[in-house]
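In order, the protein sequence lines correspond to chains B and G. So in my numbering, spot 142 of the first sequence is number 150, and the numbers just go up one at a time. So in my numbering, spot 10 of the second sequence is number 18, and the numbers just go up one at a time.
Copies of the same chain are indistinguishable here, so a pair counts whether it falls within one copy or spans any two.
Distance condition first, Cα-Cα at most 27 Å in a straight line; then the derived DSSO-like pairs of lysine-lysine:
{"#": "1", "residue 1": "Lys115", "residue 2": "Lys150"}
{"#": "2", "residue 1": "Lys150", "residue 2": "Lys13"}
{"#": "3", "residue 1": "Lys12", "residue 2": "Lys150"}
{"#": "4", "residue 1": "Lys12", "residue 2": "Lys204"}
{"#": "5", "residue 1": "Lys17", "residue 2": "Lys175"}
{"#": "6", "residue 1": "Lys115", "residue 2": "Lys212"}
{"#": "7", "residue 1": "Lys204", "residue 2": "Lys175"}
Just so you know, the hints here were simulated from the structure itself, not pulled from any lab data.
2 protein chains.
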Amino acid sequence: MTQKKISHKDIQAMESRYRARLINSLSGYKSANLIGTRDEQGQENLAIVSSVVHFGSNPPLLGFIVRPRKSRRHTLENILHTHYFTINAINRDFIQQAHQTSARYAKDISEFESVGLTPCYQDNFAAPFVLESNLRIGLVLKEHIIINSNQTEMLIGEVQTISLPEKAMMPDGHLDLSLLDIVSISGLDSYHTAQKVHRLGHAKPDQPVLPLTVEGKNFN
Amino acid sequence: MTQKKISHKDIQAMESRYRARLINSLSGYKSANLIGTRDEQGQENLAIVSSVVHFGSNPPLLGFIVRPRKSRRHTLENILHTHYFTINAINRDFIQQAHQTSARYAKDISEFESVGLTPCYQDNFAAPFVLESNLRIGLVLKEHIIINSNQTEMLIGEVQTISLPEKAMMPDGHLDLSLLDIVSISGLDSYHTAQKVHRLGHAKPDQPVLPLTVEGKNFN
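In isolation and in its complexed conformation, chain B is listed as follows (with noise of 0.2 Å):
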């Protein structure tokens, strides 16, 4: 199997869009999300991201990151202005929609419609969600954090709501996250399903980990 070395001076060698696609693979399989929004006319947004990440569960937050470019600052701007948003997971039925919301939209264009997917309104809550998402989180804005890096810029909420379907949810608060469909992204463009391989009990020094079992309940 031959190896392949990649130096730091390879990289700053590459054309632009090769190493995009690079360094955008090596952070391995990542969340494919939709994040839903409204300015403060009502105009809807919706944009597809791959970098939801966990930050704490109590209080629970999550943030995403959102990159500098210009076209893509809607859904940044409206978080900003109305403090509310969603997170929608991607089902494996709607990859093609979720995709075709990365294309540049003016901003009076809601990519809801553009692409076929149904904004929904559940609990009084400001901002839209996905209705064709297993798995809807609203949130509300809690902390923007500008990365002096490059200038990209995060952005993290606390959990107001979740909706789901009920089958999803162990007993132990875990959710099985194929019984929702739900899909993961690699590189920019890369849709996969997932397979779960086993759940690992806690581990502890000195003791080998095993498949999770629970009072008896084989949660694998």
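Chain G: place on chain B using the hints.
Same frame as chain B, now just chain G:
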């Protein structure tokens, strides 16, 4: 299909491990990596993380989150002191060893040795790589951010070196992660392999996205 709604109040009322399992599941499939470091005395450390995220390609930046728990601060301290660390993708064939690194080992114990993974040094890089990993990345610290909302810390590094089997590099720069046997994590403890659905072309307004072919070559 019974739909479950969970409010902020419901989340606050949850038992803490139940809440941690649920909230950790919300971000979908997460990248599975081991962070390799060494302290100034040469003591090696290895820690599993599911929060590696892409910050930008030029310069090539990846970051991850370190929780504020005392026992897991060795990685953070080592990086703040030495400025170097490695990100090593977790392959299917060493999931259990990788998971075992999350046990609370004392600072003078090397997780490499305890779990049975092999430290390797290449290209005079100051931090240890995981020999068993099919995708090894060496980084230098660029930015250290404290998240005010919960005192979590984020470290961002610039990629200095990448090492992987050449067969995984597609002609356009994209990495085919399935050829590397890389896995993803969901929740706190669930490990998954992935199956590609498809790669999609660059999205443009008013033009449907199609599975990707480049110069007559099918990239799917």
